Amino acid sequence: MSGMVITTLPACRETALIRPDGRPQPAFREQLRRIPSWLNAWSVLFLYVQTGLVLWATVALAPWVWPITFVLLGRTFAQYLSLMHDAAHRLLFRNKRVNDFVGRWLLGYPSLTNVDGYRRVHAAHHREEFGPDEPDLALYVGYPITPASFRRKLWRDATGRTGSKLMLQFLSSARSPDQRSRHTFWKIMLVQAVLLGAAIISGHWWLYPFFWLGPYLTVWRVINRLRSIAEHGGMHASPDRRRTTHAVAQHPLARFMVVPYRIGLHLPHHVDSGVPFRNLPQLDAALRQAGYLDDSFEYPSYPAIWKALRTPTA
-7 MSGMVITTLP
3 ACRETALIRP
13 DGRPQPAFRE
23 QLRRIPSWLN
33 AWSVLFLYVQ
43 TGLVLWATVA
53 LAPWVWPITF
63 VLLGRTFAQY
73 LSLMHDAAHR
83 LLFRNKRVND
93 FVGRWLLGYP
103 SLTNVDGYRR
113 VHAAHHREEF
123 GPDEPDLALY
133 VGYPITPASF
143 RRKLWRDATG
153 RTGSKLMLQF
163 LSSARSPDQR
173 SRHTFWKIML
183 VQAVLLGAAI
193 ISGHWWLYPF
203 FWLGPYLTVW
213 RVINRLRSIA
223 EHGGMHASPD
233 RRRTTHAVAQ
243 HPLARFMVVP
253 YRIGLHLPHH
263 VDSGVPFRNL
273 PQLDAALRQA
283 GYLDDSFEYP
293 SYPAIWKALR
303 TPTA
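Residue numbers (this note's numbering): -7 to 306.
Just so you know, the hints here were simulated from the structure itself, not pulled from any lab data.
Hints may be right or wrong, so weigh each one.
[As the list claims (entries may be wrong)] Quick list of simulated restraints, FRET-style, between CB atoms:
1) 290 - 55: 39 to 45 angstroms
2) 230 - 97: 34 to 40 angstroms
3) 30 - 181: 27 to 33 angstroms
4) 195 - 281: 34 to 40 angstroms
5) 159 - 56: 15 to 21 angstroms
Quick caveat, the model's predicted, so the values are computed rather than measured.
Heads up, the beta-carbon is just placed ideally off N, CA and C, and yes, glycines get one too.
Between the sequences and the hints, there should be enough to build the whole structure, so can you do that?
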């Protein structure tokens, strides 16, 4: 690799599971696209249990744990919005109404996210990465960048400047000319009012501003940038997904903190965006067996790709 440009890609062999272009064979595709609704329901439930335990620790333990729980609650948004991402693809539950209810009311709205708006723009992202309707271009265009520029971006995220700017954009949707956006804004505000009310009733009102909104505006923004640039930073438009989407080896710490629920298997996700997150490891393994994905262009870790992204080309 030279900078972010992949000079040579391995040839993909046709196998019983993978076509020559990397897409799954029909029978394998049907298998991959089966949605494990009950397992996903457990994931949502367990996520709420985790959230409750971190909030309990914030209240019950000594203040020295607050920096830890603050960071963990920033990670919580990565978890909520990773599952919301599957719901936006309608891959969380087989029943569409259940999928959309959970995606909106239990995952997206608590995380201040308009799920239906996200679904619309995210569809454009999958139709043509780096195309004219690409919604996230500002996050990952222009890489690699200088180390100083990289630090400035993360500093803006960590200090809440990025989050505050985006929060103002969100609040402006209350006056949006689009009726759907206005209605969704007030639904999100209703859920936020419930969260604030629960904090007040518990006798710990400060949990909502300092340990819900605070991590959302800071830690989550850092995580979101680091994940996003590791997905597409410095790549370019191409019909070959390997030239639009990075491949990064998955390790436990990164999966815990930055890329939960298999969202780090981003190249397989772009090969077939109809595969639920639990089945992405099967697709990843099949792509490797076919030679579509190998170590020649996969980064060995997230620190490795972040280092490459902050090293300008000669």
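How the hints compare with the structure:
{"no.": "1", "hint": "290 - 55: 39 to 45 angstroms", "result": "holds (42 angstroms)"}
{"no.": "2", "hint": "230 - 97: 34 to 40 angstroms", "result": "holds (38 angstroms)"}
{"no.": "3", "hint": "30 - 181: 27 to 33 angstroms", "result": "holds (32 angstroms)"}
{"no.": "4", "hint": "195 - 281: 34 to 40 angstroms", "result": "violated (56 angstroms)"}
{"no.": "5", "hint": "159 - 56: 15 to 21 angstroms", "result": "violated (29 angstroms)"}
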